[in-house]
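**Q** If you want the building blocks of each chain, they are given just below.
Number of protein chains: 2
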Amino acid sequence: MLDTLTRNLSQTTSIEDLETPCLVLNRSKVERNIARLNGHLWALGVALRPHLKTCKSIEVARLAMPGAYGPAAVSTLKEAEQFAAAGVRDILYAVGIAPQKLPRVQALRSAGTDLSIILDSVEQAEAVAAASAGGDPIPVLIEIDSDGHRAGIRPEDREMLTAVGRAVHEGGAELRGVLTHAGESYHCKGIAALEAMAEQERAAAVSCAATLRDAGLPCPVVSVGSTPTAHFARDLTGVTEVRAGVYIFFDLVMAGIGVCKIEDIALAVLATVVGRRPDRNLLIIDAGWMALSRDRGTAGQEVDQGYGLVCDLDGIPYPDLVVVDTNQEHGVVSLRAGSSASLPDLPIGAHILILPNHACATASQHDCYHVVDAAGTPVSAICPRFGGW
Amino acid sequence: MLDTLTRNLSQTTSIEDLETPCLVLNRSKVERNIARLNGHLWALGVALRPHLKTCKSIEVARLAMPGAYGPAAVSTLKEAEQFAAAGVRDILYAVGIAPQKLPRVQALRSAGTDLSIILDSVEQAEAVAAASAGGDPIPVLIEIDSDGHRAGIRPEDREMLTAVGRAVHEGGAELRGVLTHAGESYHCKGIAALEAMAEQERAAAVSCAATLRDAGLPCPVVSVGSTPTAHFARDLTGVTEVRAGVYIFFDLVMAGIGVCKIEDIALAVLATVVGRRPDRNLLIIDAGWMALSRDRGTAGQEVDQGYGLVCDLDGIPYPDLVVVDTNQEHGVVSLRAGSSASLPDLPIGAHILILPNHACATASQHDCYHVVDAAGTPVSAICPRFGGW
Chain G
3 MLDTLTRNLS
13 QTTSIEDLET
23 PCLVLNRSKV
33 ERNIARLNGH
43 LWALGVALRP
53 HLKTCKSIEV
63 ARLAMPGAYG
73 PAAVSTLKEA
83 EQFAAAGVRD
93 ILYAVGIAPQ
103 KLPRVQALRS
113 AGTDLSIILD
123 SVEQAEAVAA
133 ASAGGDPIPV
143 LIEIDSDGHR
153 AGIRPEDREM
163 LTAVGRAVHE
173 GGAELRGVLT
183 HAGESYHCKG
193 IAALEAMAEQ
203 ERAAAVSCAA
213 TLRDAGLPCP
223 VVSVGSTPTA
233 HFARDLTGVT
243 EVRAGVYIFF
253 DLVMAGIGVC
263 KIEDIALAVL
273 ATVVGRRPDR
283 NLLIIDAGWM
293 ALSRDRGTAG
303 QEVDQGYGLV
313 CDLDGIPYPD
323 LVVVDTNQEH
333 GVVSLRAGSS
343 ASLPDLPIGA
353 HILILPNHAC
363 ATASQHDCYH
373 VVDAAGTPVS
383 AICPRFGGW
Chain X
3 MLDTLTRNLS
13 QTTSIEDLET
23 PCLVLNRSKV
33 ERNIARLNGH
43 LWALGVALRP
53 HLKTCKSIEV
63 ARLAMPGAYG
73 PAAVSTLKEA
83 EQFAAAGVRD
93 ILYAVGIAPQ
103 KLPRVQALRS
113 AGTDLSIILD
123 SVEQAEAVAA
133 ASAGGDPIPV
143 LIEIDSDGHR
153 AGIRPEDREM
163 LTAVGRAVHE
173 GGAELRGVLT
183 HAGESYHCKG
193 IAALEAMAEQ
203 ERAAAVSCAA
213 TLRDAGLPCP
223 VVSVGSTPTA
233 HFARDLTGVT
243 EVRAGVYIFF
253 DLVMAGIGVC
263 KIEDIALAVL
273 ATVVGRRPDR
283 NLLIIDAGWM
293 ALSRDRGTAG
303 QEVDQGYGLV
313 CDLDGIPYPD
323 LVVVDTNQEH
333 GVVSLRAGSS
343 ASLPDLPIGA
353 HILILPNHAC
363 ATASQHDCYH
373 VVDAAGTPVS
383 AICPRFGGW
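Residue numbers (the numbering used here), protein chains in the order written: chain G, 3 to 391; chain X, 3 to 391.
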């Protein structure tokens, strides 16, 4: 699918021919990452709904979805509109709905997309029910707060859950189920903690589904997921679908909590050395926070990767070499504090690859992926990304 | 100039009619901020070269530049190309040049733009001299490291400075002058420290210009600048131009170091309440790091503004209300730790304005500005922004 998009590419375009900074995506790693999570969930008997907020690219999405129609999760209505225009039909908009956004939801549904939404209050349920009165019952998942991360109804608040469920169902919208996201899993340390968080996420969603069913309300869908819990779930009894997004690319945060290895990270920023300061043991590159993002997700982890881990063009990390600071279009590359390694002798104009802390954030700073089939091979495709809301 | 761009606007489009999240720009504050710095520098007898990396919009740039042709500074060749296409003729690309980028520099110059570049090594100077051999001497400023911030030649390293100057001049490029940027001024505390940093920046640039002239080399331009030092310079003897960018919008970081007041900040993100958690004393909004950026520039300041300070639609801050956490499309709004204020009673669907930590970073997450002439007035224009490299 990626091969269909080739823009200004000759057979021999190397990544060294690209304007920097830019994104380089390793297709074989993407395919391996996708196969890994699908295999894990297949064995547990649950389907995967890929979250497309990380890739924001129809070509990458098609590698992750089981078929052209989906399923998919998105984080903005812009994503829903873009993927719907590309033929995806089963889309979950996984951010609490604002009433003002319902006309765009309805427009997508009228055009043939099975777009579902989420909410966690009677206020929202009443607004969605009112919008559904026009004849199209909007499908709703009720958001559950399984870990105190941000939004949702607490699983023990059965009264609120039932009240929201009734407002959706009896108001005339479609009560499709419950959804939770264990975002706190990003802060877990060790396999046991990740397994426990996955079970906590499952148990919360399943118990809320039971609460709704006990109240005589429908709850066909039980949706859970985050990349860490998806990989460390050992049992998904009662769950009907798992959502995850960053697993497609992986990143240094995921490596830091043990969900992947450094060599699984499929996304990197290509940059050029534009200054050398041997007096201060550092290099200046043309990738600052505009190209890398300001995300410092590894700052609280055991190994702080700065603004990214520096690799050669084969994707092999230089020992202890990280982006220690950034300005808008400048990156400062140096050795990790306390390192006994030496700064590689990279001349002005040399290229490096930088692995990102957080793939979603870094990818969002760019408008396309330069795809290579494997490390060191020519650029085989350029896939556009979109942004905005 | 802004009025020329009206896209899908009726006379009565209020910011409450906009899709969220989005950028709102207060034109009267922009004009006041621009007039303030120009007035200060006029009194010191030095011209301002606006750095357009913050606005990335030709309409905003035209408010800041003295005329249609410039002068301007940019941080990417994409900016140079976009502004040149809009008629700007005097452009400084203020990031150390990589030899691979010289063909784009030359293409812009051939098309009639006086594009100058910066460098800080003999290696780069030789590459630029070689490129100039085709008959167009590329204008070069030598970058000086006046504060240990990142790139540049240390002022005391006269031998290196002269060697680079000779490689430029005798190699056949145009040695146009010296340039420095006191980026460390962002970490200054108090007026005396800011004034001292401005003087340090001036003295470094002027002494390096003298070094070059003493060696028989030309140095017509002495370029200094950062938004803090530009505002706190008391004497600019020997300086020919000052560069600054974020002064057009200002932000919470600039307010935190005393360069502006909170009410001078012209840029805000409009967001919608999409969840309420009275049990945890917080609100969920539809502006996460994708809309606000991950920039936490106030984290090390006296007042930590989280991911942004929350205001009503007139731009008046709610007491102690900040965005305490973000995910990709979720913001968590709560009171500052230790606050005795109470959470405002904002319903689902309510709008708020969020002042940014760092205007450059927040603006870069969006593709346009929704301009209002003053707080509370209708949207008078939509000005596109561009990104990329």
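Just so you know, these hints were derived from the structure itself, not from any lab.
Among the hints, a few may not be true.
Which copy is meant is left open, so a pair is good if it fits within one copy or across any two.
To be verified - Subject to a maximum C-alpha distance of 16 Å in a straight line, what follows is the list of computed EDC-like cross-link-like pairs (lysine to aspartate or glutamate):
| id | residue 1 | residue 2 |
| --- | --- | --- |
| 1 | 80 | 369 |
| 2 | 263 | 304 |
| 3 | 80 | 21 |
**Q** Does each hint hold? Answer for all of them.
**A** Now for the hints, and whether the structure bears them out:
1. 80 - 369: Close inside one copy (15 Å) and across copies (13 Å); limit 16 Å.
2. 263 - 304: For residue 263 and residue 304, only the intra-copy Cα distance (15 Å) is at most 16 Å; the inter-copy one is 39 Å.
3. 80 - 21: Classified as between; 11 Å across copies, 28 Å inside a copy.
Violated hints are absent here; each numbered hint is respected by the structure.
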